[in-house]
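Trainee: Single-letter residue listing:
2 protein chains.
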Amino acid sequence: MGTILIKQAQIMTMNAENAVFYGDVLIDGDRIKQLGSELRIPAERVIEAKGKVLLPGFVQTHIHLCQTLFRGRADDLELLDWLKQRIWPLEAAHDEESVYYSAMLGIGELIRSGTTTILDMETVHHTESAFRAIAETGLRAISGKVMMDHGEEVPAALRERTDTSIQQSVDLLEKWNGYANGRIQYAFSPRFVISCTERLLKEVRDLSAHYDVKVHTHAAENRGEIAHVAQERGMRNVVYLDHIGLASPRLILAHCVWLNEEEKQIIRRRGVKVSHCPGSNLKLASGIAQVPELLGMHVHVGLGADGAPCNNNLDMFQEMRLSAFLQKVTHGPTMMNAKTVLRMATLGGAEVLGLQKEIGSIEPGKKADLILLDLNDFHAYPSYEADPFSRVVYSATRGDVDTVMIDGRIVMEQKELKTIDRSTVLRESDRAIKRLLSKL
Amino acid sequence: MGTILIKQAQIMTMNAENAVFYGDVLIDGDRIKQLGSELRIPAERVIEAKGKVLLPGFVQTHIHLCQTLFRGRADDLELLDWLKQRIWPLEAAHDEESVYYSAMLGIGELIRSGTTTILDMETVHHTESAFRAIAETGLRAISGKVMMDHGEEVPAALRERTDTSIQQSVDLLEKWNGYANGRIQYAFSPRFVISCTERLLKEVRDLSAHYDVKVHTHAAENRGEIAHVAQERGMRNVVYLDHIGLASPRLILAHCVWLNEEEKQIIRRRGVKVSHCPGSNLKLASGIAQVPELLGMHVHVGLGADGAPCNNNLDMFQEMRLSAFLQKVTHGPTMMNAKTVLRMATLGGAEVLGLQKEIGSIEPGKKADLILLDLNDFHAYPSYEADPFSRVVYSATRGDVDTVMIDGRIVMEQKELKTIDRSTVLRESDRAIKRLLSKL
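From first to last, the protein sequence lines stand for chains A and B. Mind the numbering: the first sequence is residues 1 to 440 in the UniProt record's numbering, read in order. Mind the numbering: the second sequence is residues 1 to 440 in the UniProt record's numbering, read in order.
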């Protein structure tokens, strides 16, 4: 990788001042070297971006790549039914190849719609396949195998022994954490309290401190889940996580729809991070998270599409629109303006993942994770003196993403993917889901 | 226009049985002549549609083409502020050319995202420009000039004398109703009770009966609006419309977010039609309409994106997703399944417009208003034994629309518009909004 010069873009830096200007960006290797209104610097490669918008790549803080194959197989169900009737049996049927193509299908969708970094939760087995897909495609990801050593309703093929779950997690961590120039990291991923023993959660607490890696889990998504935790562990979901010492700045909680005051204070006080998944929360009828209140408490909140079967897209543009619209209807029309939402989708997500020094904004020294949007179409016009934040959050769609760069590498150029063969992935994803469905 | 044969599509008929099959459709002139699994009939033109999905074109039951130019100029405001501070001054600044390009911009977006029929409300002046754009582009539309003869806060340039408003409406009706093979129709369009005298509304009641045309207005969108009507007319919004005799099967009410029991019963009993605009209702913080209840009462409900400045798209895929997701989070995950939503977006919309015998489903004898979707991409895969309704409602996006036919005429083919020159419309829309903003 040498130098790349992106010329004459409208650059939305997402820096501390939310600066937007027309100019050039010089990339050297995997990092942004220089910004300027007109850089007269020779570069090995020049990308003419006149009329296009340059943004930091989107950061999604809650994704299940292993579920992409299940898109459309679990519609119109509530969380616990959705898990027990559809998702767990399908996850249990997964094989090495199906996990790989599930990840490839999801990554193809993610890159095409401008997401360059994800926090991902895999299934119990075959997690290597997902890491392989991430490594090959060039996506930036923190991922881990799901941990499930408890719960009578968990299918036998997914129910783990505690020691095995921990050992396999550590083995994966040691192999993949920091892989590919640090582009890939490991996170311990206990599914949720319902499916984990206290012993497992406490081991995860100690191991995540030892290795200094994230813990990625679900919490306070659904009222049934909360009642189940309360009955079994004798306290509210987040209170329990704090009680056993898991609440720390390394902990990332997906959903957090139903938090009481005490839980919000725990999250704030312990520096716990929150991943807001508005599409999933609506489709599974989970509820509407109190995002403005969390942001007001200076809690770091990112956005995620969750898995394909509960969304049914992995599209940050959809999640941005929803995250704004839902808070307006509950808190009034000035709540969650476009700027707030776009920060959540970029630097906010980076902060959730602890990567704010590396990604999330266009600034010298940061990783070159960049997307170019072509908004020269009816749905994003007029362009005259248009507010760029409104345009990206309220008008743009996935089809507007033109070029995507991750870690300085161009993974999509003029809507053509460079690291994924679409026809192979579409064909093999059909073959894989057919095989899994035949096993049920 | 001669015969066109569409071959080997997955045909979602949206007929009474919601039949879906793989086969061919023969079009003769402006109408569908025949469906079959393999039609061996010579045609002047053959469209190979293998691997694509054929649907009736979407029907949007509430649009303001004249506002498309204002996209992004009125974000993060509540309805009455939004109108008084931004939309009315901009509408007052409109000229003949700006109304034309506003309509062209909106129609370009609508056709590209699969909408073939709209119910449209224009502004006070220059409505001919919008009809000209509709006529030229080939869109199917019911439209009318807005009527505003009351209200102190209405800008002088929009405030009409009652007689003038009525005379201009009738003149437009006599020229445009039934134009272009019946593709264009006229609807009386009093803006809402707040901006109309009782005399005007009563004249509209009589004239709409005399000419047998629709009456298109806003009602029960916002709590401030309802309080205003109650204070001025002494009763609830829909009760008042019924009280003055306007509630009939010809009346189409946009929004209906805040209906009490009496108003719902009036709508049901009088055969009034409802246009649900979930995107607009969220962005303007209006609320969430009780659509499942209205559908349960056999009220005809259609979907509409409303105007570009309150959405900020005119995209039926966005409205479909939202209409499903919002009811799930309020009524549970099985509410508003994909089939229900897709009916609302097609035949349901046609019923709202009284066009159910002509459009809204793929059946012999109906108008050839058809769209082909190409879902061969990551975000709509796997395709193996996929539920087509889920795929279209929960996964598809505007970029998947490949070809659009209205009244037997191909207006977009392989994503290329045939009746609109994009670069001219984009350039002129920027010039027009610049001119309007300079007048404010």
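Please note: incorrect hints may appear among the correct ones.
One copy or any two copies: either way a pair holds, since identical chains are not told apart in the list.
[Unchecked claim] Result set (DSSO-like, lysine-lysine): computed pairs, CA atoms no more than 30 Å apart in a straight line:
#1 K339 with K202
#2 K7 with K415
#3 K434 with K52
#4 K202 with K264
#5 K439 with K7
#6 K84 with K339
#7 K175 with K357
#8 K339 with K434
#9 K33 with K418
#10 K264 with K415
#11 K84 with K357
#12 K7 with K202
#13 K415 with K52
#14 K415 with K50
#15 K439 with K52
#16 K357 with K439
#17 K7 with K434
#18 K415 with K84
#19 K175 with K418
#20 K50 with K418
#21 K33 with K415
#22 K175 with K264
#23 K357 with K7
#24 K439 with K33
#25 K439 with K339
#26 K202 with K418
#27 K339 with K50
FYI, nobody ran anything at the bench for these hints, they're computed from the structure.
Trainee: Each hint needs a verdict: does it hold in this structure or not?
Mentor: Hints, verified against the model:
1. Taking the closest pair of Cα atoms, K339 and K202 never come within 30 Å of each other, the shortest separation being 39 Å inside a single copy and 46 Å across copies.
2. In the homo-oligomer, the alpha carbons of K7 and K415 lie at most 30 Å apart both inside one protomer (18 Å) and across protomers (28 Å), since each shortest distance falls under that limit.
3. Taking the shortest Cα distances, K434 and K52 sit within 30 Å of each other only across copies (20 Å), while inside one copy they are farther apart (41 Å).
4. With identical chains, the CA atoms of K202 and K264 are at most 30 Å apart within one copy only, with a shortest distance of 22 Å there and 55 Å across copies.
5. Taking the closest pair of Cα atoms, K439 and K7 never come within 30 Å of each other, the shortest separation being 52 Å inside a single copy and 35 Å across copies.
6. Only between protomers do K84 and K339 lie at most 30 Å apart by alpha-carbon distance; the minimum there is 24 Å, versus 39 Å within a single protomer.
7. For a Cα distance limit of 30 Å, the shortest separation of K175 from K357 inside one copy, 24 Å, qualifies, whereas the shortest one across copies, 64 Å, does not.
8. Taking the shortest Cα distances, K339 and K434 sit within 30 Å of each other only across copies (24 Å), while inside one copy they are farther apart (43 Å).
9. In this homomeric assembly, K33 and K418 come within 30 Å of each other (Cα to Cα) only inside a single copy, at 24 Å, whereas the closest approach across copies is 45 Å.
10. Taking the closest pair of Cα atoms, K264 and K415 never come within 30 Å of each other, the shortest separation being 42 Å inside a single copy and 48 Å across copies.
11. Taking identical chains as interchangeable, the C-alpha atoms of K84 and K357 are never at most 30 Å apart, the minima being 39 Å within one chain and 44 Å between chains.
12. In this homomeric assembly, K7 and K202 never come within 30 Å of each other (Cα to Cα): the closest approach is 51 Å inside a single copy and 61 Å across copies.
13. Proximity of K415 and K52 under a CA criterion of 30 Å is satisfied in both settings, with 13 Å inside one chain copy and 21 Å between copies.
14. For the homomeric pair K415 and K50, the shortest alpha-carbon distances inside one copy (16 Å) and between copies (23 Å) are both at most 30 Å.
15. For a Cα distance limit of 30 Å, the shortest separation of K439 from K52 across copies, 29 Å, qualifies, whereas the shortest one inside one copy, 47 Å, does not.
16. In this assembly of identical chains, the alpha carbons of K357 and K439 never lie at most 30 Å apart, being 45 Å within a copy and 46 Å across copies at closest.
17. Within a single copy, K7 and K434 get their C-alpha atoms only as close as 46 Å, which misses the 30 Å cut-off; across copies the closest is 26 Å, which meets it.
18. In this homomeric assembly, K415 and K84 never come within 30 Å of each other (Cα to Cα): the closest approach is 38 Å inside a single copy and 41 Å across copies.
19. With identical chains, the CA atoms of K175 and K418 are at most 30 Å apart within one copy only, with a shortest distance of 26 Å there and 55 Å across copies.
20. Taking identical chains as interchangeable, the C-alpha atoms of K50 and K418 lie at most 30 Å apart whether they share a chain (22 Å) or sit on different chains (27 Å).
21. In this assembly of identical chains, K33 and K415 lie within 30 Å of each other by CA distance solely inside one copy; the values are 25 Å within and 38 Å between copies.
22. Within a single copy, K175 and K264 get their C-alpha atoms no closer than 35 Å, and across copies no closer than 63 Å, so neither meets the 30 Å cut-off.
23. Taking CA atoms no more than 30 Å apart as the test, K357 paired with K7 passes inside one copy only; the shortest distance there is 24 Å, against 54 Å between copies.
24. Proximity of K439 to K33 under the C-alpha cut-off of 30 Å is found in neither arrangement, the shortest distances being 52 Å within a copy and 44 Å between copies.
25. In this homomeric assembly, K439 and K339 come within 30 Å of each other (Cα to Cα) only across copies, at 28 Å, whereas the closest approach inside a single copy is 47 Å.
26. Within a single copy, K202 and K418 get their C-alpha atoms no closer than 42 Å, and across copies no closer than 64 Å, so neither meets the 30 Å cut-off.
27. In this homomeric assembly, K339 and K50 come within 30 Å of each other (Cα to Cα) only inside a single copy, at 23 Å, whereas the closest approach across copies is 43 Å.
Going through the hint list in order, the structure does not satisfy hints 1, 5, 10, 11, 12, 16, 18, 22, 24 and 26.
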